[in-house]
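Colleague: What follows is the residue order along each chain.
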Amino acid sequence: MKIEIHNLNKTYKGGKVKALRDFSVTLTPGVYGLLGPNGAGKSTLMNIITDNLKADSGFIKYNGTDTLKLGKEFRSVLGYMPQQQGLYDDFTANRFLWYMAALKGLKKREAKKKITELLETVNLTESAHKKLGSFSGGMKQRALIAQALLNDPEVLILDEPTAGLDPKERIRIRNFISEIAENKIVILATHVVSDIEFIAKEVMLLKEGQLIACDTTDNLLKHIEDMVYEVVVPDGGVEQFEQKYNVSNIFRNGNEVIARVVSDCLPDELNKSNVRPNLEDLYLYYFGEN
Amino acid sequence: MKLVFYEAKKIFSLKIFVICLITFFAINGLLLYYTENQDTGLLLIHNNPKQYEQLIEEFSTMKDQEASERLEHEETIGSILALLSANEENESQEDIQAQLQMYQAMNPDEFKEAAKKIKSGYNEIYYEFLNDISSQISYKNTYREFIEGMEKRAQNKLKFSAMSEDNNFSRKNIIKTPEDFQNVINVRAEVGNYKYAENSTNFQITDYFLIILIILICIALFSIEREKNLNNIIRSTKNGLLPTVIAKLFTLISFAFLISVVYLTSDILICGAYTGFGSLNANIQSSQQFMNCPFDISVLDYLAIWVLSKSVTICAISVIIALIFVVINSSVMNYVFSFVFAAIEFILYIFIPSTSYINHLKYINIFAFLWDNNVFGNYLNLNIFGEPIALSAIFIIVSGAITVLFLTFSIILYVKKIRFSAGKFTDKVLSAIGKLFSDCLNTVSIFLLESRKILFRMVTIFSIIILCYFAYNTLTDDISIRYYDPVKSCYGGYMLDLSGEITAEKKELIRTEKKFFDSINDQIEEISDSESYSKKEKEAKINTLLLTSDSKGKAFDDVFEQYQYSKNVAKKLNIKASMVDRDISSLLVNNPSRDWQLFVIMLLFIIVIMPQIFAYEYKNNSENLIRTCRHGRLNLITKKVLVAYLLDTFAYILVYLPFLLNYTNIYGSDILNTPLIFVQTFSNIGSSITIMQYLILLSTVRISILVTVTMFALAGSVLLRNSVTSMLLTTVVSIIPCVAFMNNTAVRFSGLFSCGIWSITIPIIIAFSLIIFVLGFAILVSKFGNIKLLQK
Numbered sequence: 001m002k003i004e005i006h007n008l009n010k011t012y013k014g015g016k017v018k019a020l021r022d023f024s025v026t027l028t029p030g031v032y033g034l035l036g037p038n039g040a041g042k043s044t045l046m047n048i049i050t051d052n053l054k055a056d057s058g059f060i061k062y063n064g065t066d067t068l069k070l071g072k073e074f075r076s077v078l079g080y081m082p083q084q085q086g087l088y089d090d091f092t093a094n095r096f097l098w099y100m101a102a103l104k105g106l107k108k109r110e111a112k113k114k115i116t117e118l119l120e121t122v123n124l125t126e127s128a129h130k131k132l133g134s135f136s137g138g139m140k141q142r143a144l145i146a147q148a149l150l151n152d153p154e155v156l157i158l159d160e161p162t163a164g165l166d167p168k169e170r171i172r173i174r175n176f177i178s179e180i181a182e183n184k185i186v187i188l189a190t191h192v193v194s195d196i197e198f199i200a201k202e203v204m205l206l207k208e209g210q211l212i213a214c215d216t217t218d219n220l221l222k223h224i225e226d227m228v229y230e231v232v233v234p235d236g237g238v239e240q241f242e243q244k245y246n247v248s249n250i251f252r253n254g255n256e257v258i259a260r261v262v263s264d265c266l267p268d269e270l271n272k273s274n275v276r277p278n279l280e281d282l283y284l285y286y287f288g289e290n
Numbered sequence: 001m002k003l004v005f006y007e008a009k010k011i012f013s014l015k016i017f018v019i020c021l022i023t024f025f026a027i028n029g030l031l032l033y034y035t036e037n038q039d040t041g042l043l044l045i046h047n048n049p050k051q052y053e054q055l056i057e058e059f060s061t062m063k064d065q066e067a068s069e070r071l072e073h074e075e076t077i078g079s080i081l082a083l084l085s086a087n088e089e090n091e092s093q094e095d096i097q098a099q100l101q102m103y104q105a106m107n108p109d110e111f112k113e114a115a116k117k118i119k120s121g122y123n124e125i126y127y128e129f130l131n132d133i134s135s136q137i138s139y140k141n142t143y144r145e146f147i148e149g150m151e152k153r154a155q156n157k158l159k160f161s162a163m164s165e166d167n168n169f170s171r172k173n174i175i176k177t178p179e180d181f182q183n184v185i186n187v188r189a190e191v192g193n194y195k196y197a198e199n200s201t202n203f204q205i206t207d208y209f210l211i212i213l214i215i216l217i218c219i220a221l222f223s224i225e226r227e228k229n230l231n232n233i234i235r236s237t238k239n240g241l242l243p244t245v246i247a248k249l250f251t252l253i254s255f256a257f258l259i260s261v262v263y264l265t266s267d268i269l270i271c272g273a274y275t276g277f278g279s280l281n282a283n284i285q286s287s288q289q290f291m292n293c294p295f296d297i298s299v300l301d302y303l304a305i306w307v308l309s310k311s312v313t314i315c316a317i318s319v320i321i322a323l324i325f326v327v328i329n330s331s332v333m334n335y336v337f338s339f340v341f342a343a344i345e346f347i348l349y350i351f352i353p354s355t356s357y358i359n360h361l362k363y364i365n366i367f368a369f370l371w372d373n374n375v376f377g378n379y380l381n382l383n384i385f386g387e388p389i390a391l392s393a394i395f396i397i398v399s400g401a402i403t404v405l406f407l408t409f410s411i412i413l414y415v416k417k418i419r420f421s422a423g424k425f426t427d428k429v430l431s432a433i434g435k436l437f438s439d440c441l442n443t444v445s446i447f448l449l450e451s452r453k454i455l456f457r458m459v460t461i462f463s464i465i466i467l468c469y470f471a472y473n474t475l476t477d478d479i480s481i482r483y484y485d486p487v488k489s490c491y492g493g494y495m496l497d498l499s500g501e502i503t504a505e506k507k508e509l510i511r512t513e514k515k516f517f518d519s520i521n522d523q524i525e526e527i528s529d530s531e532s533y534s535k536k537e538k539e540a541k542i543n544t545l546l547l548t549s550d551s552k553g554k555a556f557d558d559v560f561e562q563y564q565y566s567k568n569v570a571k572k573l574n575i576k577a578s579m580v581d582r583d584i585s586s587l588l589v590n591n592p593s594r595d596w597q598l599f600v601i602m603l604l605f606i607i608v609i610m611p612q613i614f615a616y617e618y619k620n621n622s623e624n625l626i627r628t629c630r631h632g633r634l635n636l637i638t639k640k641v642l643v644a645y646l647l648d649t650f651a652y653i654l655v656y657l658p659f660l661l662n663y664t665n666i667y668g669s670d671i672l673n674t675p676l677i678f679v680q681t682f683s684n685i686g687s688s689i690t691i692m693q694y695l696i697l698l699s700t701v702r703i704s705i706l707v708t709v710t711m712f713a714l715a716g717s718v719l720l721r722n723s724v725t726s727m728l729l730t731t732v733v734s735i736i737p738c739v740a741f742m743n744n745t746a747v748r749f750s751g752l753f754s755c756g757i758w759s760i761t762i763p764i765i766i767a768f769s770l771i772i773f774v775l776g777f778a779i780l781v782s783k784f785g786n787i788k789l790l791q792k
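Line by line, the protein sequences are chains A and B.
Quick note on the numbering used here: the first sequence kicks off at 1 and runs consecutively.
Quick note on the numbering used here: the second sequence kicks off at 1 and runs consecutively.
Next up, chain B with everything else stripped away, as it sits in the complex (with noise of 0.2 angstroms):
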């Protein structure tokens, strides 16, 4: 027990540790509560919880009947208050007064309290409310026939000859799924307030500050012994192996337990705080998004299980990470180890379909434990060897698997004192073709040494190859449009003739075919009417014209709108009109997923290499014998931030040079010089600029972000004199927030523009990638330097 207090002690003297433990619960926090603010829905129970809570109770207290026809007696009542208060607004609305003279006429009694009502003002919050309550009622009597009918719909999927096998594992699962049902078969639905359950168990950014707070105690726990060279000192001593490394792996645990359980309750208690703790007795399954939860809980057990099975699987995890830590010996690789695990399951989660015959790469997964509410809120059986399983059963198999298999391998190999070196390889490599060149790498250039140091390193090595197989296979992309949508098919036939400026000979094009489709009907008739068609002939051209104008006309619609809209930029802007396929375009001009995928490699390679650069020289603890050295401060630091900045630029034009040339080599280069105007998106930019301009200045902003990327992560690994600190700090600072809004492609670099707010927050965004730059080199300069920038 003495030696867990110790281990304990070591998290706790690890000022980063506990900065962040305290930092990350507060941004998890207001994360959550910003999150929670951005839903219009939570945001009005928020703002009027009395009102919610009072109408839900009502309606909690009705039968089923009672509460249909008060809702439907309710929504009429709103429905004519809305068109009472837009006829107030707009009178010469002549549709709107039809129709209330039709509500008036069909439901007198509603019109009147509407009437009452419209005095004291149209009451949006409550209907809004009452919207709420109208889908909970409709999912109350959906929950009722999808449990009644389970047993008949199993039957009838029976009766498939497919399912005739008795082997066979679809219809051993079709059987199973009502037997495990039988235990909610007599469970109801109920009105109740369930978002603080529904919101709190899917927010989750909080995952992701947990598995870095779990990686940060690996570092105290074994990192830094390693890296203080204590290990041998440590294991010589009586309880220096297996007493020492159970009372490391007990604490680890337990901290992975009791953080996740304190992080995930604050979830629910702020999300409860927000939109407040409703019905915490009635059935999980009365919220809609736990219909298929098979166990017979309440919200609060739900709630209660969910903590416990999400605090288990980060112990899991912490387990995992705990091996990489104790097997491999290098506190980088460690670092990229872990990221690579946890990035391999993110993708095998998201990216496998659930019916693939892999489904079990997908769900017997970190992220399927964790998210998504899959173990216990949901049903969900995988095939084991035939048998339908449930995830729920596979969870507490699995991770409590993995937790004995990880611990027992982490306690034998640290016993046994079995460690790989990732880099022992490369070293033997490097050191052979260091003699062989000796007298070429002898040199007394510090832009030179500085630069070998960096590249000639595993880690540099690696993330270098994986960007240029990366580069490779998006310069051999196939970036083609492919059309399987007539429509879209035929807006690709005509702009192949009209992309570029607008000639006279595109100009008639146009007018041609305007006068064609405009004369579609006329043609229409004209057949119907002709004598000298028989009626099958008849059918047959109308036929084709209805379809050219369904797929044809409707594509030229949009070419026609185009032109109109380029023709009227083009006069308000005094430049030439143009014309720009917007599928081709966008592909270059305005794609989020890649854009987002781009700039996160591009921030993970800073991420791994950057943080080495000057902490290469704590971990050697050579500092203060460089600085006694003639060019070991202010030219050493400039060198160093030198090569940090090509290494950015080499990567920077790996990542994002190849999309622009596979692009050009397909599409040409002809579009780079159209303004950019005249894609629809950037309406509202407000200026000429070509496309390559518009590239240029994305360019220019992204290169500021990852300028200021990096020399965050260079001043974080001197102040904190350490690589990986300053890696899981800037982790937290860059990655995290591009993960938040991953899904959000309304928050993209390009966004800056085709809001056409780019003039104003360029210069900015540059103005603060400058001063984040000087104060990063400030600190380079003070703290590495040693060199004192204020003097009194």
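Chain A extracted, bound-state conformation (with noise of 0.2 angstroms):
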């Protein structure tokens, strides 16, 4: 099972905003993060492989078919959670997932028998009856992970599955999208790195729409091995130093300010010490302002 990304461009706005820019990647079974700050063209990566969206130039290959010449094929291997919130608001969760089932192609046996399952793995078993538009945040991105199951997709697009979940659930779905992720190709687009720095197979940086890394995750902290340094910052010069620096952390140990810094050129002359890096410092390196 492969997935291969050719020379994707997207361009908006009759060409002056580029989202996408020669991107291309191949992807096999496990999770693969998707980082990059706000605009960097994450949602039109994702818009493009599901299709809601075409690409100016490029294409994508699912097992080595263009993937809109299988159309209806690629849609039902195909899972996809978006990242908004306001859906059906009218409808309950059952009936929501009895919607998106049928407009999966799911036979009803199936649909039953998948629907209890998945109600019961995203713990809403007990709400099945109530209307979406009574659900907390958590829960409706519950019921749209659900829903992104229904089919068995083997490949799964999920965008900011755990945005609004409080940390139990997180876990929670964070583990399921581990054990679910050994025969799919899951792409996980999130802004929380702690939530793929564990269960990704690799992770993809994604800048002004250009893939700027895809790696492991240790591999791609190596990069950044000695540039991550507690240093301990002058009294009254938190503002300035953070100015100058990508400052991950702060925090206070007794009568000093201690700064998390990403830097590869740190003045010798400061009170620092090296420390293990982590993928939020990677964040920071590559998309940090400084």
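No wet-lab data here; the hints were simulated from the structure.
Take these hints with a grain of salt, some might be off.
What the hints assert, rightly or not - Among chain B residues calculated to face chain A with C-beta under 8 angstroms, some are:
no., residue
1, Asn-442
2, Thr-443
3, Val-444
4, Ser-445
5, Ile-446
6, Leu-449
7, Asn-621
8, Ser-622
9, Asn-624
Predicted model only: the values in this text are computed from it and were never measured.
Even for Gly, the Cβ is constructed at its ideal location relative to N, Cα and C.
The task is to assemble the complex, starting from two chains supplied on their own in separate frames and drawing on the hints.
Modeller: What follows is the structure in structure tokens.
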């Protein structure tokens, strides 16, 4: 099972805004984290993969065949969880899942079994007959995840799946994604880097429409191994310091203010100690302003 | 002020508003121009403005006596000229020559002048204009008598015993009327060109456009924020409540006033440009249309007051609509309530007689304020607690009160965040039913799920209940014909025996009756010559015969003419001759008011229901999600369209079938097999299709148009990604033409058949609707399904 994305380009506003530039990548089963700041092109990429948007040039192949040619066949192995939450407020969760099952072409018996299972998985069995309009943000997210998994997809695209979830639910969903990813290609776009830190096979870093890196978390972190420090910030200089460097965290230790900084050119005179980098540092390194 | 600026910006950022504002302005102007062009009298003035103005100027400076003499002189010349030109064309007409001889003897001067003028040709236009002047001069005298005799008429009326009570409204009204007209006691009508004032103030289409623009403004100001869930954010800010709602309402009223002034002024300018701005400074009473105006004002003053009063009415309407938008928490129900409000007002205005004891509902009504120059161009007192109060005063009080009251309500309800959800109750009921039948309702059939999605909605259920009620009423309605005219009654009696295929027996009956009526004069002569009767007996017998001749005889003339017609048609088309009762058949095949009413009901159903079908997904931001499903594109679109057309079919059956069933129940179904050509209105049809075939063809035409409108509504909702704007657009495209042709009964589908153009027009209509269907479907597939139709 393989998805090959070749030289995708997409522009908006008559070519003035370039959302994707020569985006190419090959994906095999496993979780792929998609990281990038707002406007980096993540949604555009997902919309093109799901054929909600047409690319200006380039193509996507699924197991060697163009997804646009596959059309319905590709969609029957696709699961998509969009970001927005304003879904059918007057539907109950149960009715929503039945509707999606019909659109996904499931047989009645199969749909019944899957819906019961998934409602259990996402912890919505008791709220199945309540209207989506009365759901909290987290409950809506869970209903959306459930619908994405209805057809047991081979390709699963999740846009901010854990947004609005409490820590317990987040862990539960994260683990669930990790479990089912064994024989699926999962693309997971998020701003919560901790969601992908441990479950992503590879992380794709997208900046201004370009794929600037795609590798395992460990390999990516190796790039910034000697660039993350904890620095004791001089009194009254926190603001100035933040302006100068990419600061991922500031905390107080007794009388000292300590900043966690990602930088490849930190002056020697600073009171600093090298620390082990994490994905948040990596994000800051690539997408930070300084 | 900043808030007002942002609210105004919101209005202009609604593209459909900007498009409609410009398009309506253009369409309004074109329609007004078209209406003027349809009037031959106005067209003549438009084509010969100088000649008309010159004639007006000539007569306006003359004294009454001089003008009358001149008119008489010119009219005689005109009559002679008409005869002379007719004589030239057809010399053998003896009666024309006899009339000419008479003129030559009686009016030698005019005859000479006419003989000279005939050389340069008969100037028909001049005499048309002269007719116009003549009616103005006649009105001039009538108005003088009307004003001068007002006091006397009032005194005469007061002599009736019914008026003797002091507290009687009629008495007070009679006393008040001459008092009010004291202002214009010295006003005299003047000959002039007032066409622009008459026509611009009677053009009603502008008002529909203005109301639609007001609804669009309300959408921009209230609905969009609610649909985007921005209300809570806005209301949580410092200026989010009172200042915001005041800014919104201020913007709404300002826009309503401004747009109204621009549109209404443009109407006056267009009419003025068409027929010329005549006498702006003359008193408004110079135009016969404004005879009852009790104010001493010039035409220009009146037009200014007219624009102002209508703009104020539009502002009052905008405030009412704003309250609906503030209070009701559903965009669709906002539209439905606004429409229902307008419809109720319209029905009250049209159907309540002016003398009814509930005429307050007719006149204290937005349409009374908008139309017919009721407020300042006419004179009317209403009975308010026994006191006669002028409509103009009522207008000022009511429009002021409505504005203040509704503004206050809107502000309070907005600030207090009180909103009603029309669908809450039905939601609960439907949810309970859903739980009860959970297993049955759980299906994977897209068709059933889509049907459920559309049917289980408040607005659909509401519409279907109304249609069912309407169907029941139509089915049980008494449509039997009641005769009040003896001739018609006799005709109906004949047709009871003669309807259907003409048999030998029927021929014999006609022959016998013919013989009887042919000999009626002989019989009268015989009776009068007879000596066996007394004078009284003779008179009685002759009177009976004359009465018979007058009623039954006239009816038989109709029947015989119809018989001859049927025989000729049968011979020509080589079919068996039949007779059809004209009145009974008209109910079924040529009933313009029913045709209009039923078709508009169908259109309203489509407008309310269809835009929901696709816009529902946009409203729920789910189009991207469902597109990623296996059947989320073409399959879903096909099912949605199928559900739409099945609903159409269901509505069509409810609207049209009950009448047919009721008709055949009362009059039988034999008429259905009779060729339509035997109904004389359809003499031009040129075919022997039966009434049944005609009804099928008529249904085909209607269905084709309804298919087109449905697809327009569906595709519109996908292009606009919104149901309410699509509803408005479909209303403009379908309902406004219907309203424009409401009184023009010649414009009906049955007209295609009576004019004999059906064989060409029906294929064109079907082809047109097929093209629209294909185009609309292509829009649905490419926009909603995101499927590229044309691959490079």
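Colleague: Next, verify each hint and record whether it holds.
Modeller: To see whether the hints hold, each was checked on the structure:
At a threshold of 8 angstroms, the smallest CB-CB gap from B:Asn-442 to chain A is about 5 angstroms, leaving the interface hint in force. Here the hint on B:Thr-443 is kept, as its CB sits about 7 angstroms from the closest CB of chain A, short of 8 angstroms. For B:Val-444, the interface hint holds, the least distance from its beta-carbon to any beta-carbon of chain A being 4 angstroms, beneath 8 angstroms. With a cut of 8 angstroms, the hint placing B:Ser-445 at the interface with chain A holds, because the nearest CB-to-CB distance is about 7 angstroms.
With a cut of 8 angstroms, the hint placing B:Ile-446 at the interface with chain A holds, because the nearest CB-to-CB distance is about 5 angstroms. The criterion of a C-beta within 8 angstroms of any C-beta in chain A is met by B:Leu-449, whose closest approach is roughly 5 angstroms, and the hint holds. Below 8 angstroms, beta-carbon pairs count as interface contacts, and B:Asn-621 has one with chain A at about 5 angstroms; its hint therefore holds. A distance limit of 8 angstroms between C-beta atoms decides the matter here; for B:Ser-622 the minimum to chain A is near 5 angstroms, and the interface restraint holds.
Look at B:Asn-624: its Cβ gets to within about 5 angstroms of chain A, closer than 8 angstroms, so that hint holds up.
Checked against the numbered hints above, the structure violates none of them.
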